[in-house]
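Colleague: In case you want the letters, here they are:
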Amino acid sequence: MSDASSPALRAEALESLLIERGLLSAEAVDDVIATYNDRVGPMNGARVVARAWTDPAFKARLLADGTAAIGEFSFDGAQTEKLVVVENTPEIHNLVVCTLCSCYPWAVLGLPPRWYKDPAYRSRVVREPRRVLEEFGVKLPAATRVRVWDSSAEVRYMVLPQRPPATDDLDEAALAALVSRDAMIGTALIPPRGNRGE
Amino acid sequence: MDGIHDLGGRHGFGAVQREADEPVFHERWEARVFAIVGAARAAGALRNTDQFRHAIERIDPVAYLTHGYYGRWLGGLETLLLEAGVVDAATIAARLAEFGGDPGEPSAARPAAVPDRVTDAAQASSRRRAPAPPQFAVGTAVRTRVDVRARHTRLPAYARGRTGTVIAWHDGWVFPDSNAHGAGENPQHLYTVEFTGSSLWGNGAEPDTSVSLDLFESYLEAVGDE
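Sequence order for the protein chains is A and B. Residues 1 to 198 (my numbering) make up the first sequence, in order. Residues 1 to 226 (my numbering) make up the second sequence, in order.
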């Protein structure tokens, strides 16, 4: 039995009608899955972060014009019209939300996690960002300013997290492996080495 | 519009529910909905992102909160496909029955009796030249307007009638409030405006916090103007 109250069957019904009308191919759904599982995702943003950590000239370009700087990579998929990269420092912690819908920098982070799109995060993070961060396990010094970016137009925001200490021996690829999706949204810090629980 | 989608600052939604090792798509139907966006474009039912966002804002508000992200997209897409006459409700109901579903299941879609005529060709970019020079310089204090109609807007309720500081200027962009309705692109300058936590939430604000929003020029007035 199908669950009549869920949108699942309705999506299937609509898909089949659109295929019959020649507006959709039966393979389109598999293309979508392959694109966002394999080619477009936070692994792209992690490469950007790792390069910014290792190449000061790139970091300067990234903070000055994020759109142009990510053009130096050849990422697939949806393009971001304007990307602004905001840097976390000991003094300032940034985090990103879209309260009106679920705008997210697809080009560098792929599709957002469910919690980013759900009402709890969207409603709370503009009003009580420190409390939300604590629930995510992010403990900030009281003196750290918290800046929330509500993506209300076509500008997309990505956080450049702080590089963890004692990582001088790591190359760009090894550094990229340390960068989590949530750190680039601003809801996580990158833990020091030897404390990663993996 | 003051719709259910405008969630910034609302109380009562509880803790953020996270999921370890979350898949990109939880179920195949979510990717189906993603693919249907392309079909709605091909059919001319979906012309621009602003129109799509507004269609999502118009769906049944209970469904908005309970059907999840792709359920919301589905409600918006079905709204646009019905408004454009690409499919009709009876045909969808019949297909649901064929698939073993309940043909009487209420839909989240809310097609308008007299839909907006959004006929512009879809464009990849929404950056445009604004017709006049920017009105506000970086560093200027601005206040957001309070008037809102039951139409699309990108000025959230929690940031209306508030005073903030322009911290960046992003040149000209298509204005969503008119573009969503087929009323022209009306390009405007876009600014990032930073609001202190206390200017938004008063004494209830957490210390040393701010929220920045990207706001179109017509949302703003210079402080001191009346």
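Rather than coming from a laboratory, the hints here were simulated on the basis of the structure. For each residue, glycine too, the CB sits at the ideal point set by N, CA and C. Check each hint, because a few of them may be wrong.
[As the list claims (entries may be wrong)] A short, non-exhaustive set of chain A residues, derived as facing chain B with CB atoms under 10 Å:
| # | residue |
| --- | --- |
| 1 | Trp115 |
| 2 | Ser123 |
| 3 | Glu128 |
| 4 | Asp171 |
| 5 | Leu178 |
[To be verified] Residues of chain B placed beyond 10 Å of chain A at every Cβ, according to the derived structure:
| # | residue |
| --- | --- |
| 6 | Gly38 |
| 7 | Leu96 |
| 8 | Arg129 |
| 9 | Ala150 |
| 10 | Thr163 |
| 11 | Ala168 |
| 12 | Ala183 |
| 13 | Glu185 |
| 14 | Asn186 |
Colleague: Of all the hints given earlier, name the ones this structure violates by number, lowest first.
Modeller: 4, 5, 6, 7 and 11
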